[in-house]
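If you count the sequence shown from 1, you need to add 24 to reach the working numbering.
Certain hints may be false.
To be verified - DEER-style ranges, computed between Cβ atoms: (1) Val-72 - Ala-387: 14 to 24 Å; (2) Thr-353 - Gly-141: 45 to 55 Å; (3) Ala-384 - Arg-121: 38 to 48 Å; (4) Thr-303 - Pro-366: 22 to 32 Å; (5) Phe-320 - Arg-37: 28 to 38 Å; (6) Ala-341 - Ala-221: 13 to 23 Å; (7) Ala-307 - Ala-176: 34 to 44 Å; (8) Pro-244 - His-110: 20 to 30 Å; (9) Thr-303 - Arg-333: 20 to 30 Å; (10) Glu-132 - Ser-49: 40 to 50 Å; (11) Gly-50 - Ala-254: 37 to 47 Å; (12) Pro-126 - Asp-47: 37 to 47 Å; (13) Ala-256 - Arg-136: 25 to 35 Å.
Unchecked claim - DSS-like cross-link-like pairs, simulated, lysine-lysine; straight-line CA separation at most 27 Å: (14) Lys-31 - Lys-161; (15) Lys-161 - Lys-182; (16) Lys-31 - Lys-90.
None of these hints come from the bench; they were simulated from the model.
Keep in mind it's a predicted model, so treat the numbers as computed, not measured.
The beta carbon of each residue, even a glycine, is placed where N, CA and C say it ideally should be.
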Amino acid sequence: MFNGLEKAAFLRRPNRFVVECADASGGVTRAFLPNPGRLWELLLPGAVIYLARGGEGKAGRGVARKTAHTAVAVERDGRPVFLHTHHTNTVAEDLIRQGRIPGLADAEIAAREVTVGDSRFDFLLRQDGQDRLAEVKSVTLFGNGVAMFPDAVTARGKRHLEELTALAEQGERPVVLFVIHHPDMQWFMPDYHTDLAFSRTLLEARHAVEILPVAVSYTPDLQPDGVARAVAAPWAHIARECVDRGVYLAMAHAPEDGDAGERLGFPAGYYMLFGEDQTDLSAAIRAFSAKRKRPFSPFHALWARASWRHVLPIRGADIRLDFVADALTRTCPEVAPADAPPGCPGPLFFSRECPLHSPAFHAFLQDMRMRPPRDSA
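With these hints in hand, go ahead and build the complete structure from the sequences.
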C-alpha cells in the first residue's frame with residue numbers, strides 16, 4: 025500500500041497536517057499527516073511513527089505538498105494504528121470486495137465518491153438488487169475495549185448522518201461503516217464527550233441508517249490482514265450516557281515569563297481547574313470560556329492571557345467532580361493539588377509538564393471517558 029516505509033520517533037506537530045520526527049540518522053524529518061483529528065493519545069513524545077516516502081501530490085484543498093514523507097501509522101502498545109484517513113477508504117474497499125464486512129458480505133461496489141445533492145459519499149454499493157450509499161469513518165480513538173468517534177468536532181460527519189437519514193426516510197438503505205484500526209475492541213460508541221451534537225445525531229440515525237463498526241488489524245508492513253470483526257454498539261448504554269452533564273477540566277499554561285504567570289500568583293507550569301454542571305455542561309463551559317473585561321478569579325485571568333489552553337468535557341449520567349478529581353490524583357503522579365489563589369472557583373491542580381504529553385494523563389482520560397457498558401444492551 026505504501027512505498028519505502030521507515031520508522032521515526034515523534035517530536036512535535038506544528039500544525040494539523042505536519043509532524044516532525046527524529047529519524048534514524050539523528051536528523052529531523054517533516055512529514056505530511058493526512059489526518060486532521062486531535063490524536064493526542066497517539067502522538068506522544070517518542071511514539072514510533074511509520075513514514076512512507078512520497079505520497080499524494082497535494083496536502084488537501086489544493087495545497088501543494090512541501091514534505092517528502094507521509095506519516096501513515098503510529099505504534100500503540102506495540103501495534104501499528106493506521107492514521108491515513110484517505111487510505112481507510114482503500115482498506116474498506118478491499119474488505120468489501122473480499123466479502124469480509126459483516127452485513128455487507130454480498131455487497132458489490134458500484135462506484136466511489138458519489139455525489140448526492142450537495143454532499144459526496146464514499147461508496148455506492150449494490151446489495152440485494154438495491155443501491156446503497158455508504159460512508160466510511162476512520163476510528164483511531166480507543167481504550168478499555170471501547171472505540172469512539174470522533175476525536176474532534178465534525179460538523180461534516182453530522183451533516184452526512186442527517187442527509188443519510190433523510191434518504192432513508194425516502195426508502196433508501198444507507199450505511200455508515202466505522203473502521204476501527206485495532207483488532208481487540210469490544211464496543212463502539214460515539215464520543216459524546218468531544219462532540220455531543222454528532223453523538224446525538226448518530227443515536228437518532230441508528231433507527232434509519234445501518235451502523236456497522238468493524239475492527240481491523242495490520243501486519244508490520246501496514247497491510248490489512250483481511251479480517252474485519254463486527255464490534256457491538258451498546259445503544260442503551262450510549263443513550264444513558266450521552267447527556268449534557270458532568271465535569272469539565274480547564275487547562276492553561278503559565279509561562280516562564282510574561283504577565284500570565286507570577287504576577288497573577290501562578291508559578292510557571294500547567295494548571296487544571298475542575299468545574300461541574302449537572303444540567304447543562306455545554307452552557308457552563310461557554311460561560312467559563314467567555315471573554316470578560318474583568319475576570320472574576322485569578323484563574324480566569326490566567327486563562328484569558330494563556331497562549332496554551334484547552335477545555336476537556338467528561339460527560340456521563342453519574343460523573344461527579346469529586347470522583348474525577350480523585351481519579352486524576354490517583355492516576356497521574358506528576359499532577360498535584362495546587363494552592364488556589366483567592367477566588368478560584370473550583371479544585372485546582374498543577375503539573376510542571378504538559379498533561380497532553382503524559383501517558384498517565386491519557387490513561388486518566390481513558391478511564392473517565394471510555395467506560396465499558398454495565399450491560400450488553
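Here is how each hint holds up against the structure:
{"no.": "1", "hint": "Val-72 - Ala-387: 14 to 24 Å", "result": "holds, 19 Å"}
{"no.": "2", "hint": "Thr-353 - Gly-141: 45 to 55 Å", "result": "holds, 51 Å"}
{"no.": "3", "hint": "Ala-384 - Arg-121: 38 to 48 Å", "result": "holds, 43 Å"}
{"no.": "4", "hint": "Thr-303 - Pro-366: 22 to 32 Å", "result": "holds, 28 Å"}
{"no.": "5", "hint": "Phe-320 - Arg-37: 28 to 38 Å", "result": "holds, 34 Å"}
{"no.": "6", "hint": "Ala-341 - Ala-221: 13 to 23 Å", "result": "holds, 18 Å"}
{"no.": "7", "hint": "Ala-307 - Ala-176: 34 to 44 Å", "result": "violated, 21 Å"}
{"no.": "8", "hint": "Pro-244 - His-110: 20 to 30 Å", "result": "holds, 22 Å"}
{"no.": "9", "hint": "Thr-303 - Arg-333: 20 to 30 Å", "result": "holds, 25 Å"}
{"no.": "10", "hint": "Glu-132 - Ser-49: 40 to 50 Å", "result": "holds, 47 Å"}
{"no.": "11", "hint": "Gly-50 - Ala-254: 37 to 47 Å", "result": "holds, 45 Å"}
{"no.": "12", "hint": "Pro-126 - Asp-47: 37 to 47 Å", "result": "holds, 40 Å"}
{"no.": "13", "hint": "Ala-256 - Arg-136: 25 to 35 Å", "result": "holds, 28 Å"}
{"no.": "14", "hint": "Lys-31 - Lys-161", "result": "holds, 26 Å"}
{"no.": "15", "hint": "Lys-161 - Lys-182", "result": "holds, 12 Å"}
{"no.": "16", "hint": "Lys-31 - Lys-90", "result": "holds, 20 Å"}
Checked against the numbered hints listed earlier, the structure breaks hint 7 alone; every other hint is satisfied.
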